[in-house]
Each structure stands twice: as C-alpha cells, then as structure tokens.
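Below, each chain spelled out in residue letters.
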Amino acid sequence: MIILVSLLVLLMLCAAIAALVFRDLLAAVIASCVVSLLASILFYFLHAPDVAMAEASIGAALVTAIFVIALGRTRRYEE
Amino acid sequence: MSETVVLVFSGVIGLAILLCLLRLLRGPTAADRAVAADTACTVTTALLVFMGFVFGRRVYLDVSLVYAVLTFIGAVAIARFLERGI
Amino acid sequence: MVLLVVGAVVTGAGILFLFLGSLGVFRMPDVYNRLQAGTKCTTLGAFLTIIGVGIMEPAWFWKALAIALFILLTNPISNHALGRASRKCGVSLCDRSAVDKTKSFREYEKEEA
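If you're matching them up, the sequences are chains B, W and F in order. When we follow the working numbering, the leftmost residue of the first sequence carries the number 1, and every step to the right adds one. When we follow the working numbering, the leftmost residue of the second sequence carries the number 1001, and every step to the right adds one. When we follow the working numbering, the leftmost residue of the third sequence carries the number 2001, and every step to the right adds one.
Pulled out of the complex, with its shape left as it was, chain B reads as follows (with noise of 0.2 Å):
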C-alpha cells in the first residue's frame, strides 16, 4: 500500500513539474487536469470516496472549463 501511495504522489509530482515547464499554456492546463486526476485515485485508494468524487468534479470538469474560457479571452503563449 506504501508503495502504492508513493508512486502516484511521484507521478503527481512529474505532471505537476511539467504544468509548470511548458511553454504552451493549453498544455499546461491539461497536465494541471491530469495532476487533479491522479489525486483523485489517490484518494479513492486512502477509502475517502466523496472527497475522490469532490476533486474528480471540481479539478478534472471545473477547473479545466474555466481555464480554458480564460485562455480564450487572454493568450495562448507564454513568451
């Protein structure tokens, strides 16, 4: 199980680590959703089932809707 745990807090901290690298704002959006994702699993693994379905719905659903509305109103590059 302490396997487990640690190495989807090592995969969340490799998309976390490239939300923040890439150059391509979009990009980061989507890999900030998979960081939501995996901490979804996390939690659904650690028996907390509505805390799991609380970040599924505001951090792969909300979070990337509202991101992306704000990428359409501002740009999409980062110089």
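Honestly, I wouldn't trust all of these hints.
[Claimed, not checked] Interface residues of chain W toward chain F, partial, derived using beta-carbon atoms under 7 Å:
| no. | residue |
| --- | --- |
| 1 | 1009 |
| 2 | 1031 |
| 3 | 1053 |
| 4 | 1068 |
| 5 | 1072 |
[As the list claims (entries may be wrong)] Selected chain B positions facing chain W (in silico; Cβ < 10 Å):
| no. | residue |
| --- | --- |
| 6 | 24 |
| 7 | 26 |
| 8 | 29 |
| 9 | 37 |
| 10 | 38 |
| 11 | 40 |
| 12 | 45 |
| 13 | 62 |
Honestly, the hints are just simulated from the structure, not real lab data. The beta-carbon is built from N, C-alpha and C at its ideal position, and this holds for glycine as well.
Starting from the structure of chain B, add chains W and F where the hints point.
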C-alpha cells in the same frame, strides 16, 4: 477473486495509465496531450469501477459515474477551444 | 461460482483492450492514428470491464450498465470533437500517410487559402 488476479489486473491498468502519462509528457503538440489525457481519464473510470468491486462497497460506483460525466465536459471544452477559441 | 469465472474472463478481456489502446496511444506516429487507437480500444475495453464487474456482482448490474452505456455514448463524441478540432487548427499528418480526404471539404479549403 484471488489475490493474484486482482494484483495482475490492477498492475496492467496502472501500466496503461503510465503509458498515457508518458505520451502526455512527450507529445509534440497540444492535441497529442489532449488525446492522452482523455484516454487516461477513460482508463481511470474503468480502474475506479474495478477497485470498487475489490473493496466491496457499492457507494464507490458513484464516484466513477460522476467521473465519467465530468470527463466529457472537460474534453469538449478543450476541443472547442482548439477549434475556434471559445 | 460460474458467474464469478465468466465475469473475471470478461473483465480480463476488457483490461487487455485497455492496455492495447494505451500502447497504441504511446506508439503511433500521428495525432489521428493515436485518436483511432485511443478511441476504439478504450471504449470497448472500458465497456467490457464495467460489464464484467456487473456480472461478477449481480446486485450492481444495473448501475454498472448505466455507467457502461454512458461511456459507450460519450467517449466517441468527445474524441470526434478532438479530432475535428485538431484538423481545423492545422495539425499536420505524418509523412507516411497516403491520402488526405479532408482536403476536398469546402471549409478546410477555405481555411488553407
């Protein structure tokens, strides 16, 4: 189900998610990354249903249902932005 | 016992399809090939996995069938939207592809001009 079968099945699904994440890190354009994220979300829905069976609680299926609904909204939002920018 | 074995076989087949779809997403050379691998294999794999869980635990069957039907309906729609959007925003095909039928669509021609 025996312990070995559960371990093999969840290991194969974990390997599938890992391959999708590698494509997300490598993909040359943003469309590649969107495809990889969408595939990873579908694989995750199947993983959540299967682990709900392993844990033996019926409530755990609801998480998977919410996840399947909300993944669709995220993918359609990204596609609409790629097509003409909201 | 029979239901458990049948459900385990169906779930195993679905998980194999999920793994092959992810391998296709990793290995294919192009956005459109990746979309094709990731859509077909993943839709069938998720459907079989969820139905197999419903067979193994018969009290869960209707809820599992609802999730499986929802994935079967919405996953091709979202992937079709992604493919159409990536063609419209100008992602090029790989250099080994033989024919590009979308060149004859009027809106793509107008966009390329």
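Status of each hint after checking the structure:
Interface hint status for residue 1009 (chain W): upheld, as the beta-carbon distance to the closest one in chain F is roughly 5 Å, under 7 Å. At a threshold of 7 Å, the smallest CB-CB gap from residue 1031 (chain W) to chain F is about 4 Å, leaving the interface hint in force. With a cut of 7 Å, the hint placing residue 1053 (chain W) at the interface with chain F holds, because the nearest CB-to-CB distance is about 5 Å. For residue 1068 (chain W), the suggested interface contact is upheld, since its CB lies about 5 Å from the closest CB of chain F, less than 7 Å.
Interface hint status for residue 1072 (chain W): upheld, as the beta-carbon distance to the closest one in chain F is roughly 4 Å, under 7 Å. For the restraint placing residue 24 (chain B) at the interface with chain W, the shortest Cβ-Cβ distance is roughly 5 Å, inside the 10 Å limit, so the hint holds. Checking residue 26 (chain B) against chain W by beta carbon gives a least distance of about 5 Å; that is within 10 Å, so the hint holds. This hint holds: residue 29 (chain B) has a C-beta 8 Å from the nearest C-beta of chain W, less than the 10 Å allowed.
Interface hint status for residue 37 (chain B): upheld, as the beta-carbon distance to the closest one in chain W is roughly 6 Å, under 10 Å. Nearest Cβ of chain W to the Cβ of residue 38 (chain B): about 8 Å, under the 10 Å cut. The hint holds. Interface hint at residue 40 (chain B): satisfied, since its Cβ lies 7 Å from the closest Cβ of chain W, which is below the 10 Å cut-off. Residue-level restraint check for residue 45 (chain B) holds (minimum Cβ-Cβ distance to chain W is 7 Å; threshold 10 Å).
With 10 Å as the threshold, the beta carbon of residue 62 (chain B) comes within range of chain W, its nearest partner Cβ sitting at about 8 Å, so the hint holds.
Checked against the numbered hints listed earlier, the structure breaks none of them; every hint is satisfied.
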